[in-house]
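Residue strings, one per chain:
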Amino acid sequence: MAEINLKGISRRWGDFVGVDDLTLHIPDREFLVLLGPSGCGKSTTMRMIAGLEEVTEGEIWLGDKMVNRLEPKDRDISMVFQSYGLYPNMTVYENIRFPLRIRKVPKDQHHERVMKAAEMVELTGFLDRRPAALSGGQRQRVALARAIVREPNAFLMDEPLSNLDAKLRVSTRAQIANLHHTLKTTTIYVTHDQVEAMTLADRVVVMNKGVAQQVAPPMEIYDRPANTFVASFIGAPAMNLIEGEIAGGTFTSPVLRVEGLPHPVSGPVTLGFRAEDVEVVSEGGNLSAPVYSVEKLGDSTMFAIRAKEDMIALKAGKAADMEIGETVHARIPPGACHVFGPDGQRVEAPGL
Amino acid sequence: MTAHRPSRLLSVFATLFVLVWMVTAGFPFLWTAWGSFKVEPDFFSRVDWTNALTGVNTVRQTGGAFTGDGYYGAWVLNDFWAAALSTAIVTVATVTLSLILGTLGGYALARSGYRYAFWILIVALIFRAMPHITLVSGYLVPFFELNIWGTLTTSIIVLVAINQPFTLWMLHSFFLSVPRDLDEAAMVDGCTRFQAFRTVILPVMWPGIITTGLFSFLLAYNDFAVTAMLLRQDNQTMIPKIASFLGSIQNEGNVMFAVSSVVSATVPLFLLVMFFQRQIVGGLTAGAVKG
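From first to last, the protein sequence lines stand for chains A and B. Be aware that the first sequence starts at 1, since it is given in full-length UniProt numbering, and climbs by one per residue. Be aware that the second sequence starts at 1, since it is given in full-length UniProt numbering, and climbs by one per residue.
In case anyone wonders, no lab produced these hints; they're calculated from the structure. All values derive from a computational prediction rather than experimental measurement. Just so it is clear, CB atoms sit at the ideal spot from N, CA and C, and this is done for glycine as well. Treat the hints with caution; some may be incorrect.
Said to hold, decoys possible - Here are some chain B residues pointing at chain A (derived, C-beta under 7 Å):
(1) Asp-181
(2) Leu-182
(3) Ala-185
(4) Met-187
(5) Val-188
(6) Asp-189
(7) Gly-190
(8) Cys-191
(9) Val-200
(10) Pro-203
(11) Val-204
To be verified - Coverage of chain A stretches by chain B, computed from C-beta distances (three or more under 8 Å per stretch; other residues unrestricted):
(12) 67–73
(13) 94–103
Produce the complete structure using the sequences and hints provided.
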C-alpha cells in the first residue's frame, strides 16, 4: 500500500511533448482515472509510473522512494494491459502464478494465493486452459488475477476494457469496482471512455495535449468543468457551448439571450449548458430554432436543433414528439449556465 | 445449391500431372540412390544405360546385383567418416552460435526504438547479398598472419559471420510478431529484461528459431566456398571431400565413392526436414502473416 507522487514529470521525444510538467498527489487507496482523447499523454504517464517509459524531467515517488531509476520489477506495481499481455504458452493457472514464481515467493503459498485470486475474478473453472481457449472477457480477468495475486503497492490499468464488447465492458467494469472496494489498493486507470471514468473514479484527471486540465472527483468535473475542453469532453452529449458577449449579467449571441446570470464579468465569453438542463417549452423561452435530428433513446429523447451555425443538443422526456424541421422553443435557466472567459477558463459565479 | 465439383476428366488430368511432376522431381535422387549400390561400369555404362538398372557388371564383379563397395571405399578406405565428423562439428557449432547471436541481436533490434536499428538491418542485408567468396578473400591475410588457417574453428567463425545477417533478419521479423506488451507484462510481473526474453518471449518463438536454425544448418552443411578454401585435407567437411573424389585422378571406383557419399550426405537432410516439418511450416507462415 502506498501513495504515489508525481513531481513535475515531463516526457519529450525531441520536439514532441508527450507529457508536460505534470504534478499529482495520489493518496493511498485512491482510484484515480486518467481520462482524455488519444494522444493526450495519459498512457505515457502511466507507463512512466510503471517504469516502461523514461522520465525526461521530474520525479516519481512511490511511498517514500524516488523510483525514476528503478526497473519496473523493482517498483512493486502490477499492470493490466489493453491487449491483456497473457503468456500464450502457459495455462491460466501458470499465468496467474507467474509473478509469484519469478519473484521467488515461497512455493507453499503459491497454490493458495493463485486460487484466491482466481476466485475473486471467477476463473476457477478455467485454470487448466490456455489463453487462446478463452474469450476476451475471460482473458482480461486472467490479467486482473495476475495483477492482484501478489498484492502490490499499486495497480496500473491501461484501457483494460477497450477490447471488450459493450456488454462485457459493463460487467467487467463492475468487477473492477468491486475488486478495488475489497482490496483497497491504490489504482491508476487510463481510459478515453468518460463513463468508465465517472463510474469508477474517486478522482479524475482530464488530460489534453500532455497537460492536466482538471483534477477533481467525477461529479465536480461534471458540474463544474474547469475549462471549455473539459466541458466539451465530459457528458454525453457534450455540453453546448455558445460564443457571445456578456454584460451586466446578460449573455447575448445571435441565437440566444440569457438574463440574470450572476457572473460579474463583461466582454466576450463562451456560455455552456447541458442538454438535460434545458426545458422545452411551448412558447417563449430564450431560444427557438428548427429541429435538425431526433434520437429516441427509450428513456428520453435527444433533439439537436440548428440555430445559425450552432448545433444545440436538448434532452426531453420520452413522450416528446417532434418532427425534423419543426420549430422548438426552449428555456435555459440561468442557474444551469456555465461561463468561460475568452481564454477558455471557467468564470465562477459568486456565492458558489 | 450443390457444391461445385471438378469434372472427372479434370481430376484425372490433375492427378496424372502431379504424379509425373513428382517422378520428374524425385528421379535424379532415386536414380543416384539406386546407382550408388552398383559398380562404376554399370552406373556410367557407355554400352547400355539399362545396365545401371540391372547391374550386369555388378553381378560379374561382385556376384550380387547390389554392392556396398562404393560406401565401403568412401567411408572406410577414404576416411569419409572423418569428413562426416567435421561436418557434424561445423554445422552444430555454426547453428548454435548463429542462433545465440541471432536471437539476442534480433530481439534487441526488434525492441529498439532507435532509427539505427533499421540501418543495421540494411547493412546486414548488403552483407548477405555478397558472394561468400568475397568474405573469404578478405580473411586470407589476417588468418595467415594469425596462423589460424585450416582449423575447424576458423571455418565455424566465418560461416557464422556469413550466416548472421540472414538469421538477424529472420529472427528480427519473428520477434516483431510477438507483441511488445508481452515483454512489458513480464517486466512488471518481476522479470529483468533478460528474464522476460528467456522465460516469456523465447517459448513463443520456437517455430521461428527452428526455421531459422534449419536454414543456418543448410548453409553450413552445404557450404563449399568457405570450407574448401579454409580446411586441410585431413579435416575437410563432406562437400569438399565429395568434390575431391570427383576431381582427383580417375581411379577405378573413385566416382562411385562420390556417388555413395552424395547419397550419404543427403539422408540427414531428409530426416531433419521430416522431423521438424510441422514447426517449419508453422514458422514460415507465422513469419509470413505477421512479420
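Verification of the hints:
1. Interface restraint check: Asp-181/B against chain A, minimum CB-CB distance 4 Å, threshold 7 Å, status holds.
2. For Leu-182/B, the shortest C-beta to C-beta distance to chain A is roughly 6 Å, which falls under 7 Å, so the interface hint holds.
3. About 3 Å separates the beta-carbon of Ala-185/B from the nearest beta-carbon of chain A, less than 7 Å, and the hint is met.
4. Restraint check, Met-187/B versus chain A: the minimum CB separation of about 4 Å is within 7 Å; hint holds.
5. Using the Cβ-Cβ criterion of 7 Å, the hint placing Val-188/B at the interface with chain A is satisfied: the shortest such distance is roughly 4 Å.
6. The interface hint given for Asp-189/B holds, since its Cβ lies 4 Å from the closest Cβ of chain A, which is under the 7 Å cut-off.
7. The criterion of a C-beta within 7 Å of any C-beta in chain A is met by Gly-190/B, whose closest approach is roughly 4 Å, and the hint holds.
8. For Cys-191/B, the interface hint holds, the least distance from its beta-carbon to any beta-carbon of chain A being 6 Å, beneath 7 Å.
9. Checking Val-200/B against chain A: minimum C-beta separation of about 6 Å stays under 7 Å; hint holds.
10. Interface hint at Pro-203/B: satisfied, since its Cβ lies 4 Å from the closest Cβ of chain A, which is below the 7 Å cut-off.
11. The interface hint given for Val-204/B holds, since its Cβ lies 6 Å from the closest Cβ of chain A, which is under the 7 Å cut-off.
12. A stretch counts as covered by a chain when three or more of its residues have a beta carbon under 8 Å from one of that chain; for the stretch 67–73 of chain A and chain B the count is 3, and the coverage holds.
13. For the stretch 94–103 of chain A, the proposed coverage by chain B is satisfied: 4 residues have a C-beta within less than 8 Å of a C-beta in that chain, meeting the threshold of three.
The structure shown violates none of the earlier numbered hints.
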